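A.B. asks: If you want the building blocks of each chain, they are given just below.
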Amino acid sequence: MNEQSQTLWQFMQQQHDKLLTQTLEHIGLTFISLLIAVFVGLPLGILIARKRPLSGPVLGIAGVLQTIPSIALLGFMIPLLGIGAKPAIVALFLYALLPIIRNTYTGVTGVDASVKEAALAMGMSLKQVLFKVELPLAMPVILAGIRTATVINVGVATLASYIAAGGLGEFIFGGISLNNSNMILAGAIPAALLAILFDLLLSFVQKLNFKKVRTGAYTLPVILLVLASFYFVPSAYGGKLTAGFTPEFMGRQDGNLGLQQKYGLKIHTIVINDAVMYNAAFEKQLDVISGYSTDGRLKAFNLVVLDDDKKIFPPYYAAPIVREDALRKFPELEKTLNLLAGHINDSIMTELNYRTDYLHQTPEQVAKDFLATHHLYKPARNGNGGTVRIGSKIFGEQYILASMYSMLIKGYTNYNVATKTGLGGTKICFDALTNNQIDFYPEYTGTGLLVILQPSKKVVDTVGLDKNKTYSYVQQSFQNKYGIKWLKPIGFNNAYALMMRRQQADELQIHTISDLKNYLNSAQK
Amino acid sequence: MIQVRQLSKHYGATRAVDDISFEVSEHENLVLLGTSGCGKTTTLKMLNRLIEPTHGQVLIDGQDISQQKPELLRRNIGYVLQNNGLFPHYTVAENIATVPQLLNWDVGRITKRMHELLEKLHLPADLLKLYPQQLSGGQQQRVGLARALMADAPVLLMDEPFGALDTITRTKIQAEFKALDELQRKTIVMVTHDVQEAFELGNRIALMHQGRIVQIGTPAELLFNPASAFVKEFLQAQRLQLELKSVKLTDVWDNLPTPIVSGMQPVACNEQSVWWAMERFKEHAIQNIAVQHPQTHQVKTITFEQLMSAYYQYQNALQPHE
Numbered sequence: 114m115n116e117q118s119q120t121l122w123q124f125m126q127q128q129h130d131k132l133l134t135q136t137l138e139h140i141g142l143t144f145i146s147l148l149i150a151v152f153v154g155l156p157l158g159i160l161i162a163r164k165r166p167l168s169g170p171v172l173g174i175a176g177v178l179q180t181i182p183s184i185a186l187l188g189f190m191i192p193l194l195g196i197g198a199k200p201a202i203v204a205l206f207l208y209a210l211l212p213i214i215r216n217t218y219t220g221v222t223g224v225d226a227s228v229k230e231a232a233l234a235m236g237m238s239l240k241q242v243l244f245k246v247e248l249p250l251a252m253p254v255i256l257a258g259i260r261t262a263t264v265i266n267v268g269v270a271t272l273a274s275y276i277a278a279g280g281l282g283e284f285i286f287g288g289i290s291l292n293n294s295n296m297i298l299a300g301a302i303p304a305a306l307l308a309i310l311f312d313l314l315l316s317f318v319q320k321l322n323f324k325k326v327r328t329g330a331y332t333l334p335v336i337l338l339v340l341a342s343f344y345f346v347p348s349a350y351g352g353k354l355t356a357g358f359t360p361e362f363m364g365r366q367d368g369n370l371g372l373q374q375k376y377g378l379k380i381h382t383i384v385i386n387d388a389v390m391y392n393a394a395f396e397k398q399l400d401v402i403s404g405y406s407t408d409g410r411l412k413a414f415n416l417v418v419l420d421d422d423k424k425i426f427p428p429y430y431a432a433p434i435v436r437e438d439a440l441r442k443f444p445e446l447e448k449t450l451n452l453l454a455g456h457i458n459d460s461i462m463t464e465l466n467y468r469t470d471y472l473h474q475t476p477e478q479v480a481k482d483f484l485a486t487h488h489l490y491k492p493a494r495n496g497n498g499g500t501v502r503i504g505s506k507i508f509g510e511q512y513i514l515a516s517m518y519s520m521l522i523k524g525y526t527n528y529n530v531a532t533k534t535g536l537g538g539t540k541i542c543f544d545a546l547t548n549n550q551i552d553f554y555p556e557y558t559g560t561g562l563l564v565i566l567q568p569s570k571k572v573v574d575t576v577g578l579d580k581n582k583t584y585s586y587v588q589q590s591f592q593n594k595y596g597i598k599w600l601k602p603i604g605f606n607n608a609y610a611l612m613m614r615r616q617q618a619d620e621l622q623i624h625t626i627s628d629l630k631n632y633l634n635s636a637q638k
Numbered sequence: 012m013i014q015v016r017q018l019s020k021h022y023g024a025t026r027a028v029d030d031i032s033f034e035v036s037e038h039e040n041l042v043l044l045g046t047s048g049c050g051k052t053t054t055l056k057m058l059n060r061l062i063e064p065t066h067g068q069v070l071i072d073g074q075d076i077s078q079q080k081p082e083l084l085r086r087n088i089g090y091v092l093q094n095n096g097l098f099p100h101y102t103v104a105e106n107i108a109t110v111p112q113l114l115n116w117d118v119g120r121i122t123k124r125m126h127e128l129l130e131k132l133h134l135p136a137d138l139l140k141l142y143p144q145q146l147s148g149g150q151q152q153r154v155g156l157a158r159a160l161m162a163d164a165p166v167l168l169m170d171e172p173f174g175a176l177d178t179i180t181r182t183k184i185q186a187e188f189k190a191l192d193e194l195q196r197k198t199i200v201m202v203t204h205d206v207q208e209a210f211e212l213g214n215r216i217a218l219m220h221q222g223r224i225v226q227i228g229t230p231a232e233l234l235f236n237p238a239s240a241f242v243k244e245f246l247q248a249q250r251l252q253l254e255l256k257s258v259k260l261t262d263v264w265d266n267l268p269t270p271i272v273s274g275m276q277p278v279a280c281n282e283q284s285v286w287w288a289m290e291r292f293k294e295h296a297i298q299n300i301a302v303q304h305p306q307t308h309q310v311k312t313i314t315f316e317q318l319m320s321a322y323y324q325y326q327n328a329l330q331p332h333e
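Chain order of the listed sequences is W and F. Each residue of the first sequence is one higher than the last, beginning at 114 in the working numbering. Each residue of the second sequence is one higher than the last, beginning at 12 in the working numbering.
Quick caveat, the hints were computed from the structure, so don't treat them as lab data. Treat the numbers as computed from the prediction; the structure is a model and nothing was measured. Be careful, since some hints might not be right.
In silico lysine to any residue, SDA-like type, Cα no more than 25 Å apart, as pairs [to be verified]:
no., chain 1, residue 1, chain 2, residue 2
1, W, LYS229, F, GLN247
2, F, LYS80, W, ALA226
3, F, LYS80, W, GLU230
4, W, LYS601, W, LEU419
5, W, LYS240, F, ASP117
6, W, LYS229, F, GLN17
7, W, LYS229, F, GLN326
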């Protein structure tokens, strides 16, 4: 059954096991980190309320932590803490810290001076003043801080799926990659509901009168603990071998589904973002990963591609796809883009990717060097014959291709170029193209077939395994359906592939996916 | 009871309190009087170490307070704040019980003492369950007073205790305050900027200006023997009323006419002032009142004119001839 015709409700029913697990993981991640943040932030807030000169630096540092983009923060965590729950909890904890420290500080310093003076004058010690007077009076403000932190955490916890910590982000980001709106909503709606629910609950606690807040202050940690225990750390370290697959790979027929159906592969799998996946494999956090056969990190991390002996991964030849009205608007465009056709094979692309991903050269530099060596580079003409908008997906290879096209257009035509790089996934890129936000972007034949067109199984079986058949099928269908033209293939095939560390693959004598399956089956007995 | 020796408090170059010394004897009520910024509140707060002095020494009961733990010291000193400083998250009962709780009194003792005080302060017992913000200003101030008196500390410090109240409430509470037997047993230091209040409640008054004590003495001494032009000026505006209030009937007794038997029921006049007698004439719209001397039990029946003339004779005798 085609997933597009499913209703959201059917999807959620079908996936209710996963949905429940992800929701519980989400709640767990949110509250474990929140609990730690309360235990750290509350005393810290009290400390800086007592020693005012410290308040500037402490609030400053917490503020800076807050401004680090979530993905970057998660990325920083990997070398320190690996993948899985630990780094996610630490990152969420850091985000929750600022509102808790700041509100504790504001609440405690905001207690009426004459009330504090009275407490001292009655003969209370500083500790008694804190626990009997300052904290109870500051409690509504402190709870407001915890409330803010909770809502922030429910949101940021969706990103935890990037580093294999689970949560509702698995559906959200899987859905974006797979062009599956039901899947996105199945993650996004529960996440939004959780945020609203916890916000309401905490606002209720906040409005209790002074007396009840005092008991509330003691029950709160208990409630947090119970909620936190929802989270059972995904056993990323159990089992003989562990696979890390991207959310997109997890849901694709030419991905994990095909591995299960055609190979009968059963491997302990966690979901992870591809930005951190290679590194995690290199760090021995993962043994098998789903990568791209031209990825530069293949070379950098000494990984080896397992042979797809049953041919489940269709060809992924790259070619620019352009809206036909853009071709009419910019008559020179097609000719210019085709300059690149046939110039880049698999090993060249891997090399180029290696230079950006591992040697950290800029995509512009790599693109320029390549064009210069192949005598394709011409300096920019700075013409003003209209602006061509180039899109790209959010990984290195696409950046390099976008840069090459940009230089070619500037050098060979009088058009200007605007680049919109880093569009999250296939769905976002393709929607941008059809909605006239960009004029073209480099796409892969396999993706066009399986993600965008999603034809019947019979069609996939007939055209899916031959590169020429696939190309002509997508070319025709795109033209008829969307008015989008596939230009000439660039030459390389960036197919999906399973990879392992070369050393481990040699030790276990695993060279094909069937070898992998046999090894796992023997190991499970 | 309280000895203050060469006490100073400097904030940078500012001398908030500048080398002052005074003593308060047991069961005395000393009023620190002055305009705002004169250092009276700072002085008061140095007596229970809410503010630590720059120089000088304070002895209470012969003990140097700087040698005691501040919280233990303060549990033995009652404190009433201007804005009452009640804990908004505590009920009235919990507010009043604050110090006994710190002293670990048992519940029975706390309840007994609480009801005793409520009665004396004319507070209904059903207030106990309410929160401070549900009370009127006068009630809040009485609760503040009850909290300070609860543990029956021998010393009571009061920082503008009636300052936040309207005139009518203030007069009423001042009268109750004066009549409260609890307070007769206490050594009280009270801060005020209200001259009337100082003269009404103080046994002695220390008039402060720019961190120093300009004059310390009984109300009558300040009125009739001002130490400087400043003191005279300070009291000028309300002089007549103050004088009438500070002179007692027993002071002018000898200037009143010889006894006339009138058959009226005489009123004993222990501490009553000339002002009090004048109020009785006005209140009852009568020609004569009969008063009885507390020691000799002599009874005199007097008219308003006779009272005034006795007062002027007394005043002329007191003031230095110019």
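A.B. asks: Could you tell me which of the numbered hints above are not met by this structure, giving the numbers in increasing order?
C.D. replies: Hints 1, 4, 6, 7 not satisfied by this model.
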